[in-house]
Amino acid sequence: MPELPEVEVVRAGLAPAVTGAVVRGVTVLDDRALTRHAGTGAEFETALTGRTIRAAARRGKFLWLPLDDGGGRPPLEAVVGHLGMSGQLLLRAPGAAPERHERVRIDLEHPTHGEVSVVFADQRTFGSLAIDELIPTPDGAPGGLGAAEASVPRQVAHIARDPLDPAFADVAFRRALVRKESAIKRVLLDQTVISGVGNIYADESLWAARIHPETRAADLATRAVNRLLGEVRHVLDKALAEGGTSFDAQYVNVNGQAGYFAHSLNAYGRTGEPCPRCGRPIVRVSFTNRSSHFCPHCQRVPRPTGR
DNA sequence: TATTTTACCTGAGGGC
DNA sequence: TGCCCTCAGGTAAAAT
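One point on numbering: in my numbering, the residue at position 234 of the first sequence is 234, and numbering is uninterrupted.
FYI, nobody ran anything at the bench for these hints, they're computed from the structure.
Label-pair ranges, simulated between beta-carbon atoms: (1) 141 to 73: 15 to 25 Å; (2) 76 to 158: 15 to 25 Å; (3) 285 to 241: 23 to 33 Å; (4) 73 to 95: 27 to 37 Å; (5) 221 to 154: 29 to 39 Å; (6) 237 to 139: 21 to 31 Å; (7) 73 to 39: 21 to 31 Å; (8) 31 to 154: 18 to 28 Å; (9) 302 to 169: 24 to 34 Å; (10) 167 to 288: 22 to 32 Å.
This structure is a prediction, so every number in the text was calculated from the model and none was measured. For each residue, glycine too, the CB sits at the ideal point set by N, CA and C.
When you get a sec, could you build the whole thing from the sequences and use the hints?
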């Protein structure tokens, strides 16, 4: 289940292979992989062929590859990708056998590395690729990690910067929380407030910060918000260092290898197991069609505010 | 306007 | 063995 660390592992893996490469061919095997694309599969193939990839950038869980047509002008378009629940971007040798659930294949020619194919495979088809316009960032900072230009794809512009982005504004995050009546976990999953955090790392960050997931965001003291933000960054950094979290074959790096962070989880997926901090059992509760995992002893139920 | 719910999708795993 | 049911969950559209 790709969240920020998993997508960053993929971005870092793609970057050296695709930067400077020319698209020699595109094959769309399933149009459902283009749900965020404005045109048809055939139009996607035509629009991408012949373009040069300038970088591999990421904001939150969105990836994009800025495209240009030479001439030294800044890229005006990019291939935007989101892995959804089960998407994979794999580097394969030219002519390699089709992957299970392969949806799109992009054949590249790199000036020094030669030919390589980028394969987009996706079991549950929640992920997608698209060609989208690049628009300027309001703050003038690069659009995301790995982006050289102060631009971002239009369909990514409404997403907040992620907490590992140097241009992430801690002050704006704290201000946003003060105005939120929703539970803090719901806010952590709101990509327009803070991006890159999904169900796994939300649970892990809240456990580390000793905050109950149902706590009203506006009720958190500044000190608690700062502690939480610090733990979000720490959890994401640690997961990144371990190559991401893998429970099954759904998340792999560009070479098809799994990450190791699943061994480091303290709360997520550990229902009934002892809390690593206090030894009492971790509980799982239903939360908007998914699950929250937490320690009821270390993460106390928020007291009614009476307001 | 702000917040919450629903649809999208496939395969693994459990119960019978 | 095989059928049916539940679960996993990010995003955007729809509903409240």
